[in-house]
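Colleague: Read off the chains here:
Number of protein chains: 2
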Amino acid sequence: MTLFRVSVHIVPRKGLLDPQGKAVTDALHTLGFSAVADVHVGRHLIIETQATDAKAAEASVKEMCSRLLANPVTEDYEIEAVKPV
Amino acid sequence: MTLFRVSVHIVPRKGLLDPQGKAVTDALHTLGFSAVADVHVGRHLIIETQATDAKAAEASVKEMCSRLLANPVTEDYEIEAVKPV
Numbered sequence: 139m140t141l142f143r144v145s146v147h148i149v150p151r152k153g154l155l156d157p158q159g160k161a162v163t164d165a166l167h168t169l170g171f172s173a174v175a176d177v178h179v180g181r182h183l184i185i186e187t188q189a190t191d192a193k194a195a196e197a198s199v200k201e202m203c204s205r206l207l208a209n210p211v212t213e214d215y216e217i218e219a220v221k222p223v
Numbered sequence: 139m140t141l142f143r144v145s146v147h148i149v150p151r152k153g154l155l156d157p158q159g160k161a162v163t164d165a166l167h168t169l170g171f172s173a174v175a176d177v178h179v180g181r182h183l184i185i186e187t188q189a190t191d192a193k194a195a196e197a198s199v200k201e202m203c204s205r206l207l208a209n210p211v212t213e214d215y216e217i218e219a220v221k222p223v
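As they're listed, the protein sequences go chains F and Z.
Residue numbers 139 to 223, in my numbering, belong to the letters of the first sequence in order.
Residue numbers 139 to 223, in my numbering, belong to the letters of the second sequence in order.
Source of the hints: derived by calculation from the structure; they are not laboratory data.
Fair warning: this is a prediction, and the values are worked out from it, not measured in the lab.
C-beta atoms are modelled at their ideal positions from N, C-alpha and C, and glycine is treated no differently.
Among the hints, erroneous ones may be present.
What the hints assert, rightly or not - Here are the computed lysine-lysine pairs in the BS3-like style, where the Cα-Cα straight-line distance is at most 27 Å: (1) 160/Z - 221/F; (2) 200/F - 200/Z; (3) 193/F - 160/Z; (4) 221/Z - 221/F; (5) 200/F - 193/Z; (6) 160/F - 221/Z; (7) 193/F - 160/F; (8) 221/F - 193/F; (9) 200/F - 160/Z; (10) 200/Z - 152/F; (11) 200/Z - 221/Z; (12) 221/Z - 193/Z; (13) 193/Z - 160/Z; (14) 200/F - 152/Z; (15) 193/F - 193/Z; (16) 221/F - 200/F; (17) 152/Z - 152/F.
What the hints assert, rightly or not - Restraint-style ranges between C-beta atoms, simulated for each label pair: (18) 139/F - 140/Z: 43 to 51 Å; (19) 139/F - 193/Z: 36 to 44 Å; (20) 218/Z - 192/F: 14 to 22 Å; (21) 157/F - 201/Z: 36 to 44 Å; (22) 169/Z - 167/F: 37 to 45 Å; (23) 172/Z - 153/F: 32 to 40 Å.
To be verified - Far from chain Z, by Cβ distances over 10 Å, these chain F residues were calculated: (24) 155; (25) 160; (26) 174; (27) 181; (28) 189; (29) 201; (30) 209; (31) 211.
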């Protein structure tokens, strides 16, 4: 068993309202960053987990995402990287 | 001016308490994912901004991070990618 560090992005589904992103866009405009067109705010998770290989680590993190970490109705997740620690 | 899509990770500083990460670790253990050693929870921002080139887009997002998006006392940020849309 090896320790793997898996990075995951969880973002609001495209087309769904993203009130947090809208609030950040407005705040950036107020601060003078008028070139900002749009902001999306999601979560970035770094999960350290034991697994036999990178494939097994990725599969187990996918299961964690669908069972606990991401809301399947409103969010999409993607595995960004799987690296041995 | 071109529209760039800049991805940013904002994560709790190493060594600081990360109660959200601890809560997720515990929840994963409860669900049976006993191989999980540690979880860190941060934010993942996707910022679409107009800029003359990728360097200018990155510089402007760095300024946004230090002025609004990241708490310099407790968080670190890193620009993950800068891509024209």
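Colleague: Which numbered hints turn out to be false for this structure?
Modeller: Hints 2, 5, 7, 13, 15, 17, 21, 26, 27, 28 and 29 are the ones this structure does not satisfy, whereas the remaining hints hold.
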